[in-house]
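K.L.:
Below are the chains, spelled out letter by letter.
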Amino acid sequence: MKKINSSLPGPNDIHREVLENGVTILTRSNFNSPSVVISGYFDAGALFDTDEKLGLADYVTSGLMRGTKKHNFDEIYNILESAGASLGFSTGVHKSGFNGRSLAEDLPLILGLLAETMIQPMFPKAEMEKLRAQILTGMAISAEDTSDMASETFDKILYKDHPYSRPDEGTPETIKKITRDDLVKFHREHYGPRGMVIAVVGAVKAEEAVRQVKRALGGWQVKGQKETLEIPEAKLLKRTVRKHHKIAGKSQSDIVVGTNGPRRRDAEFMAASLGNNILGQFGMMGRIGDSVREKAGLAYYAYSSLNAGIGPGSWEVSAGISPTNVDKAINLIVDELKRFVAKGVTAEELSDSKANFIGRLPLSLESNGGVAGALLNIERHDLGFDYYLRYADLVNEVTREDVLRTARKFFDSDKLAIAVAGP
Amino acid sequence: MKKSLTVETLSNGLKVFLKEIHTAPIISSWLWYRVGSRDEVQGRTGISHWVEHMQFKGTPNFPANMLDKAISREGGMWNAMTYLDWTAYFETMPADKIDLALRLEADRMVNSRFDKKEVASERTVIISEREGSENEPLFQLGEAVQQSAFRVHPYHHEVIGDMADLHSMTRDDLYDHYRTYYVPNNAVMAVAGDFDTKTMLARIKKLFGKIPAGKEPARLARQELEQRGEVQLSVEGPGTTSYVQACYRFPAASHPDFFPLAVLDSLLAGPSNLNMFSGGISNKTSRLYRALVDKEFAVGVHGGAQATIDPFLYSITLTIHPKRKPEETLAVLDKELERIKQENVTKAEITRAIKQARALFAYGSENITNQAFWMGYSEMFAEYEWFENYLDKLSAVTAKDIQRVGNEYFNTKSRVVGTYVPANGRKG
Chain X
1 MKKINSSLPG PNDIHREVLE NGVTILTRSN FNSPSVVISG YFDAGALFDT
51 DEKLGLADYV TSGLMRGTKK HNFDEIYNIL ESAGASLGFS TGVHKSGFNG
101 RSLAEDLPLI LGLLAETMIQ PMFPKAEMEK LRAQILTGMA ISAEDTSDMA
151 SETFDKILYK DHPYSRPDEG TPETIKKITR DDLVKFHREH YGPRGMVIAV
201 VGAVKAEEAV RQVKRALGGW QVKGQKETLE IPEAKLLKRT VRKHHKIAGK
251 SQSDIVVGTN GPRRRDAEFM AASLGNNILG QFGMMGRIGD SVREKAGLAY
301 YAYSSLNAGI GPGSWEVSAG ISPTNVDKAI NLIVDELKRF VAKGVTAEEL
351 SDSKANFIGR LPLSLESNGG VAGALLNIER HDLGFDYYLR YADLVNEVTR
401 EDVLRTARKF FDSDKLAIAV AGP
Chain B
1 MKKSLTVETL SNGLKVFLKE IHTAPIISSW LWYRVGSRDE VQGRTGISHW
51 VEHMQFKGTP NFPANMLDKA ISREGGMWNA MTYLDWTAYF ETMPADKIDL
101 ALRLEADRMV NSRFDKKEVA SERTVIISER EGSENEPLFQ LGEAVQQSAF
151 RVHPYHHEVI GDMADLHSMT RDDLYDHYRT YYVPNNAVMA VAGDFDTKTM
201 LARIKKLFGK IPAGKEPARL ARQELEQRGE VQLSVEGPGT TSYVQACYRF
251 PAASHPDFFP LAVLDSLLAG PSNLNMFSGG ISNKTSRLYR ALVDKEFAVG
301 VHGGAQATID PFLYSITLTI HPKRKPEETL AVLDKELERI KQENVTKAEI
351 TRAIKQARAL FAYGSENITN QAFWMGYSEM FAEYEWFENY LDKLSAVTAK
401 DIQRVGNEYF NTKSRVVGTY VPANGRKG
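Top to bottom, those sequences are chains X and B. Numbering-wise (the numbering used here), the first sequence opens with residue 1 and increments by one. Numbering-wise (the numbering used here), the second sequence opens with residue 1 and increments by one.
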């Protein structure tokens, strides 16, 4: 049988190189399947958007593949789809990112398109108008989605007056204000090699991957690329705030109950992570699932999640509930949070969750996409190449007291953000 | 794709597929039962899916709350799914922990309790699952189209079942269904990953071999009648966006025409991804995207081919552009389909569809869970050779074949077209 550690990425098989222009390359080979994944991020997130033109960063990433100096929209996708390959961009608050994959033989093809669309997009006027209509329709659909709206409402409560309160994709009003000139200007100011990270994982040797990335992106130079913005702290809630976003005609409401959470680099991240697993994930959705789904039969899904990134995180419980049972479900969730803060977790619960974290690691790192995500995680949060080799120790170090302290630091049952979307 | 494989049928009829893959210390084990919504009559719709839920509610050996915890504690991933033709359970575990999954599956093939209290609490959970689906316009539309397409054949209802039946079915109904279909001779087991075949087979024989074979489950034989004329319907609901779903009669997966139709699907709407654990690719240069989305008759188009035992549907789902009426968009769709019937597609288009399929299979094989999935899945509607020969069959497709199946299957008179009419009308 294979040894677990031999399958985890580590200093022996992760290769990292920084090109002269600032592009960081991470690679790990995997010849088990003839496919390859590229994944990465760069410094052009929604944080740079003004309130007036919120959604600009997202509009830009959506527009990158709609035409370049060399190829129009149809030609770009024809190259990709003819090879059974894919490439796409997305926008986050801090960074924007990309994901692509292909057969290993087509790696030069997706790297070439990545470079072309990032460096020389044309934002053709007609295509940008088509895109605008698609974005607006997407928003109209999302405005009717109870889960999307509960989550948006939650962010508005928890992050009041903070950049995280804004929907990255903007609103119909802001999208309508954005012009082609805005797109071109945003691209000129924020797109560049500095701060760009790319992971290449799959059936390609490290030196070959580096050579190919260098050929595609090594010559990219941009003067005056804007600096990263710092993210402010979030203000803490002084009392529980509950808001209901009304959507008529729906048969189910979505609820989100939660509070602030740690940043990814904070010392208590692992304790919070294990605590969260016990609270609303382990087994079939942890204590929350046991209370709301298994015992009360109120929901098909009821779980908790911890969102820890660069800035102030959030710790949320989500559930889909019949409109008549919303209050009942919220009460059950708040009761569980109270218990979590009052008594913490049992020794058995903690050891179960530790075993779960350690045991599932090889599974999460099985596919090329999973490994690429892990390499980017290491880079972005400075975890060290041996992070996944040390992972079991990091998990095992956490004590019940750590979990309790962390729970108490973040959860106060009188200071919760509660969002409901539905009839 | 053709890796060494061991296939053996135990004396009680359980068919076992084993494939050694030593790329990671992981094993994925799947147990497939030949039971799904096709085995359900009115009054019992949704029963297969509900039974699947009850399989997580405990046996005397593995009580309800212990099951999840036991698997999670070992770092495993597990789930189950119910579909038209089958119900499947899988566990993907660290290789040295797979025995737990094997013991659990052997146990719950016969010993699930179906406790009355658990049935009652699961009833509301499933009703909640259905209410969540009802929130989605495309669920509402899809359900209406499907029930219009099948009056006689049990494919007429959604897998989750009708709300009326979810309220009225009893514990004994569920238990009977379980006892009828959960027998080794109605199941296929597929295990892939980091094991030694001889040892694994011996272990499976020890755990499953003693379970007695059951009566061969009777099947409903209600063939759908030929449709004589197009059916059009509409569903009204909240929202501001219109959708159209056009559904055409498709053959069973085992039918030779399935392969030219798979190529046609690929060039009409982008390849339907049959892999379960790896996403698909974009469809922006498919014929329908170019004609409908690029020309702003729709903001999205999706084509869905499904591999089923009996003839089912090929659905084209269109998200209508805000400045168009659904009938305008449908007219353009018809024009594109007419082109398929009149003009030969090019060799290049076929080559491209094959390359797309090859790439999707390569992505899927990064993942052991997906490799185990394929062995059992293909057995549910054909046999494993169907999967092994898939790319060869696609390669044999000619332009003539495509024109022929285009004419044969994309008929207006045997289609159902559903329109989702948003109650809030159009804004802006």
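It should be emphasised that the hints constitute simulated quantities derived from the structure, not laboratory data. All figures in this text were calculated on a predicted structure; none of them were measured in a lab. Hints may contain errors.
Capping the alpha-carbon separation at 25 Å, the derived lysine-lysine pairs in BS3-like fashion look like this [stated by the list, open to error]:
no. : chain 1 : residue 1 : chain 2 : residue 2
1   : X       : Lys354    : B       : Lys97
2   : B       : Lys335    : B       : Lys15
3   : X       : Lys70     : B       : Lys295
4   : X       : Lys343    : B       : Lys69
5   : X       : Lys130    : B       : Lys215
6   : X       : Lys328    : B       : Lys335
7   : X       : Lys176    : B       : Lys325
8   : X       : Lys125    : B       : Lys295
9   : B       : Lys335    : X       : Lys130
10  : X       : Lys177    : X       : Lys235
11  : X       : Lys328    : X       : Lys156
K.L.:
The structure should be examined with respect to each hint, and the outcome stated for every one.
P.N.:
Going down the list of hints, with the structure as the test:
no. : hint                : result
1   : X/Lys354 / B/Lys97  : 16 Å, holds
2   : B/Lys335 / B/Lys15  : 47 Å, violated
3   : X/Lys70 / B/Lys295  : 22 Å, holds
4   : X/Lys343 / B/Lys69  : 21 Å, holds
5   : X/Lys130 / B/Lys215 : 59 Å, violated
6   : X/Lys328 / B/Lys335 : 53 Å, violated
7   : X/Lys176 / B/Lys325 : 22 Å, holds
8   : X/Lys125 / B/Lys295 : 15 Å, holds
9   : B/Lys335 / X/Lys130 : 22 Å, holds
10  : X/Lys177 / X/Lys235 : 30 Å, violated
11  : X/Lys328 / X/Lys156 : 23 Å, holds
Violation of the numbered hints given earlier is confined to hints 2, 5, 6, 10; the remaining hints are satisfied by the structure.
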